[in-house]
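Asks: Kindly produce the complete structure, drawing on both the sequences and the hints.
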Amino acid sequence: MQISTRRFDKTAILDISGDIDLAHSTEVRRLVLSEFREKKTPRVILNLNDVNYIDSSGVASLVEGLKASRDVGSRLILFGLSPIAHEVLQISRLLKMFEIYDTEDIALQA
Amino acid sequence: MNRTGLLLRLELPSDPEILCVVRSAVMRLTEEMGFSPEECRGLTRAVDEALANIIRHAYDGRPDQPIEVLCRRLLNRTGSEQRAGLEIVLVDHGAAPDRKKLCGRSLDDVRPGGLGIHFIEDAVDVMQYTSHARENRLRLVKYLPNAKRETKVVKGD
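Taken in order, these protein sequences are the chains called C and D. At position 2 of the first sequence (counting the first as 1) the number is 1 in numbering that gives the first Met the number 0, and the numbers step up by one without a gap. At position 39 of the second sequence (counting the first as 1) the number is 38 in numbering that gives the first Met the number 0, and the numbers step up by one without a gap.
Accuracy of the hints is not assured; some may be wrong.
Here are a few chain D residues that sit away from chain C, every Cβ distance over 10 Å (derived from the structure) [to be verified]:
no.	residue
1	LEU11
2	ILE54
3	GLN64
4	LEU69
5	ARG82
6	ARG138
7	LEU143
Not everything, but these chain D residues come out facing chain C in the computed CB check (under 7 Å) [what the hints assert, rightly or not]:
no.	residue
8	LEU18
9	ASP47
10	ALA51
11	GLY115
12	PHE118
From the derived model, a few chain C residues whose C-beta atoms are all more than 10 Å from chain D [what the hints assert, rightly or not]:
no.	residue
13	ASP70
14	VAL71
15	SER73
16	GLY79
17	ILE99
18	GLU103
19	GLN108
Quick caveat, the hints were computed from the structure, so don't treat them as lab data. We treat Cβ as the ideally placed atom computed from N, Cα and C, and that holds for glycine.
Replies: Right, dumping it as structure tokens:
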């Protein structure tokens with residue numbers, strides 16, 4: 000799994016590629032929590048276009064990120080969910096908890 | 000119950016980095032057996048989550064402990080009905096899990112963690128856990144949809 004960060008004004012976009020599974024979810028969790036708690040980024044957008052798989056530990060990382068964003072009054076936004084990622088959030092009944100958009104442009108305009 | 004042929008047997012270390020390899024194997028196997036794409040994804044997720052639980056809880060994160068994965072084709076015959084499916088058995092020699100935690104939590108409670116068992120239960124028809132003499136076995140069964148109530152055809156004159 001690889002993660003790179005782009006910054007625009009008050010927004011950080013994390014481009015994630017690979018699988019967010021037991022081997023790699025802690026890295027996602029660490030970076031997302033760091034954006035909110037240490038960098039105080041007002042808006043963090045996760046680009047999941049190149050994420051092939053998310054397991055329950057990956058979902059847990061996203062939920063922790065969401066809670067951290069709410070704690071500091073920031074926003075966590077997802078876009079580019081693969082059918083597998085969408086399915087996992089659906090099974091977890093978490094789809095409505097997240098701000099989810101189809102593309103980066105729409106996510107940036109939201 | 001009639002157990003038929005062994006389809007796949009994997010011996011792997013309890014290393015999270017190996018999970019992607021197992022996922023690929025299970026996905027391909029379930030595709031070959033004729034499960035729907037949704038069922039293939041569900042079964043792959045179930046095995047992945049079960050292995051993650053073994054790594055995290057039975058082996059407490061130690062990456063060098065043994066895990067065995069056995070996949071068999073099932074063909075159950077009851078009277079004139081037959082049900083074909085896939086049996087997956089995961090074997091480890093770690094700490095036995097707390098049976099109270101083998102039930103999925105309520106999804107109304109939005110919090111991190113505790114989703115793995117829910118993913119497994121969502122994907123399979125049977126989930127059985129046994130523990131004996133430091134050997135834990137998790138048995139998962141998924142029946143092929145078209146075979147759930149397949150009636151044996153007897154040709155007449």
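Asks: Would you list, in rising numerical order, the hints stated earlier that this structure does not obey?
Replies: 2
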